[in-house]
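Enquirer: Got chain A sorted already, so can you dock chain B onto it with the hints?
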Amino acid sequence: MSISGTTDISGTTAQPVQLWTRDLGSCLHGTLATALIHDGHDPVTVLGAPWEFRRHPGAWSSEEYFFFAEPDSLAKRLALFHPFESAWHRSGGDGLDDLREALAAGVLPIAAVDNFYLPFRPAFHDVHAAHLLVVYRITDTEVYVSDAQPPAFQGAIPIADFLASWGSLNPPDDADVFFSASPSGRRWLRTRMAGPAPEPDLDWVGHVLRENVARYRQESTAQTQTGVMGLRHYLDQLCALTPGTDAASEALSELYVISWNIQAQTGLHAEFLRTQSTKWRIRELAEAAAGVDAVAHGWTAVRMTGAHARVWERHRPDELRRHSTELVRRLEVALDQLELAADALSRHT
Amino acid sequence: MSQVAGNSVLTANEPGPRVHRLPAAASAPEFRLIGIDDLLNNRATTSVSDLDSGRLNAWGNSFPAEELPTPGALIEVAGIPFTWANAHAKGDNVRCEGQVIDIPPGQYDWIYLLAASERRSEDTIWAHYEDGHADRLRVGVSDFLDGTPAFGELTAFRTSRMHYPHHVQERLPTTMWLTRVGMPRRGIARSLRLPRLVAMHVFALTLVTGIDVRRAEGAAI
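Going line by line, the protein sequences match chains A and B. Its first residue numbered 74, the first sequence is counted upward by one per residue in my numbering. Its first residue numbered -7, the second sequence is counted upward by one per residue in my numbering.
In case anyone wonders, no lab produced these hints; they're calculated from the structure. A hint or two may mislead.
[Stated by the list, open to error] Covered, in the sense of this in silico footprint (three residues per stretch, anywhere, with C-beta under 8 Å from a C-beta of chain B), are these stretches of chain A: (1) 230 to 240; (2) 382 to 396.
[Unchecked claim] Which chain B residues stay away from chain A? Per the calculated CB distances, all over 10 Å, these: (3) S45; (4) P97; (5) G179.
[Unchecked claim] Part of the chain A face toward chain B, derived, beta carbon under 7 Å: (6) E174; (7) D199; (8) M266.
Every value quoted in this text rests on a predicted model; they were computed, and no experiment measured them. Glycine included, every Cβ here is placed at the ideal spot set by N, Cα and C.
Chain A with its partners taken away, still in its complex shape:
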C-alpha cells in the first residue's frame, strides 16, 4: 500500500497507488492525497496548511466530497498555499476513453461514483451514496480503483460495475439521507500542480499561520459566511430553527454534509502544525495543534448532535446550542494559540 504510482505508456497506471486516509477525513481529502503522493507531493503539507470556515447558504450538494470552493476550483481551495488545481469533467458514452487518456498523460482521474454498485463497499446493493475513488488502471474487462476509506480497497472491479456506479442516478435513499440524491453523471476530477510548490521553510509556515488567522478574523460577507463571525452567524441560524420541521431537517442535512470536510481540514491542519513543530522544534506549534484539534472535536459534537436529530429524531436544541457555543469558544482559543505560534516562528527566523 505504500508504493507510489508509476505510469506506463500504454495508457494504464501499472503500479498500485498509495492509499491515504485519516479518521476525520472523507473520500475528498483521501483521493486528492493519493493524487498528490502520485506526483511527489506531501498531502499533509499541501492540504493541511489551509484552515478556514466558509459557507454559502443554499450552495451545497448531498455528496461526501462536498466542499464549498467557489470561485476557486476544489483543489485550489483545499490547497490555498500551493498552485494545486482541479477541474470537473463529464464524459459522454461510457467515458472510459477519457479516463484512459488521463492515465496515459500521467494523471490519476478521480471518479464520482455511487457506493451502491461497488462490490467492495459496505453499501453494495444496499444503500445509494455519493463517493469518490481513484482510477489507476483500465483493461478491456476491468477497472482498477483505489479507495482508502474503510474498508480500504485497491484492485480490479468489472467494467460493468464501475460504469453502473459512475453513471448512477444515485436516487434518494432513506438509508442515507446525507449522501444520496446526487447523480454521479460520469463526472471525474482532474488535478494538477500548476507550478512549483513553495519551499516549506519557517517564513512560509509563519505566512500560513498568519494568513489563516487573518482569514478567520476578517468580517463575514453578506453572501458567503466566513471566519469566526460567519461561523457564529451560521450556528445561530441553525439553532433558531424549530426542531422537527422540514426546514430544520434540511438544515441538519446540510450541516452534516458541509461540516464533514471542514472538520477534516481542521484535523489535518492540526497534523500539519504537529509536523512542523517536530521539524522545527517549536513547542508553540504543538500547543496550537492541540487547540486546533479541540476545534475538530468540537465539530464532532455539533455534527453528531445534529445528525442524531436528523436521523433518529433525537431533538435536543439545548445541546446543539451548547455545543455550538463551545465550538466557537474553542475556535477563538485556537486562533490565539496560532498567533502565539506565529510570534514564536518570527523569533526563530
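Expert: Quick look at chain B alone, frame taken from chain A:
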C-alpha cells in the same frame, strides 16, 4: 482482555447499583468497579439476529456482540479490572447525556473507561467533591471505526467485523478504547457527571486509587 479471578468484594451500603472493590496491599493500587446497569440507554452491540437494533452512530452501525465480553462478566484490560454491563434489549452502554454516577466517597487518581466514540470526541467529565468543589476533567475518546488512538488511548477490544443494519461487514474492524482521565484533586469525590455528548459511549467504568494516596491515607504496607 481476561476474566478477573473471583476475589472481588461486592460492597454493600455504597452508592450506585453495584460496586466491586478489589482489596489490595498498600504496594498496589485499589480498584473500584462501578456498575452502570441502571444507566444503560443505547444499543451499540448487536448479534446477527438483531442487526437493525444498533445505534452506535447515525448510520445504525454496531459492534458484534460475540466478539465482546458476556454481560455481567468481570474482565481485565491492560491490568485494569472492569465490570461489563448486564445488557438488555434497550441498552448495553451509556450514551453520554450528562448522567450522574454516585461513587463510593473516596480519593481517586484515575477514572478508567471502556469507551467508544462516533468520530473523535473531546468533552468534560465533572467530578463532584464532598467540600462542594466540582472539577472539570477533560476526556477524549477516539473514533470506533478508524482505530487511530488520537488521545493516546490503548485498544481495549478490536473486532474483526462491523455490524450494519442489514448485513455483517467482514474485514472492517471496530475499536473500543481503554481511556483514562486524571483526578488531581486531593479530596473526597462523591459523584461523577458524564459528558453531555451523544457521540460518546461508555461501556464500563473503574476508579483507581494510587499507591501514594493509599499510603497517605494510612494503608498498611
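Enquirer: Starting from the hint list further up, note which numbers the structure goes against and sort them upward.
Expert: 1, 6, 8
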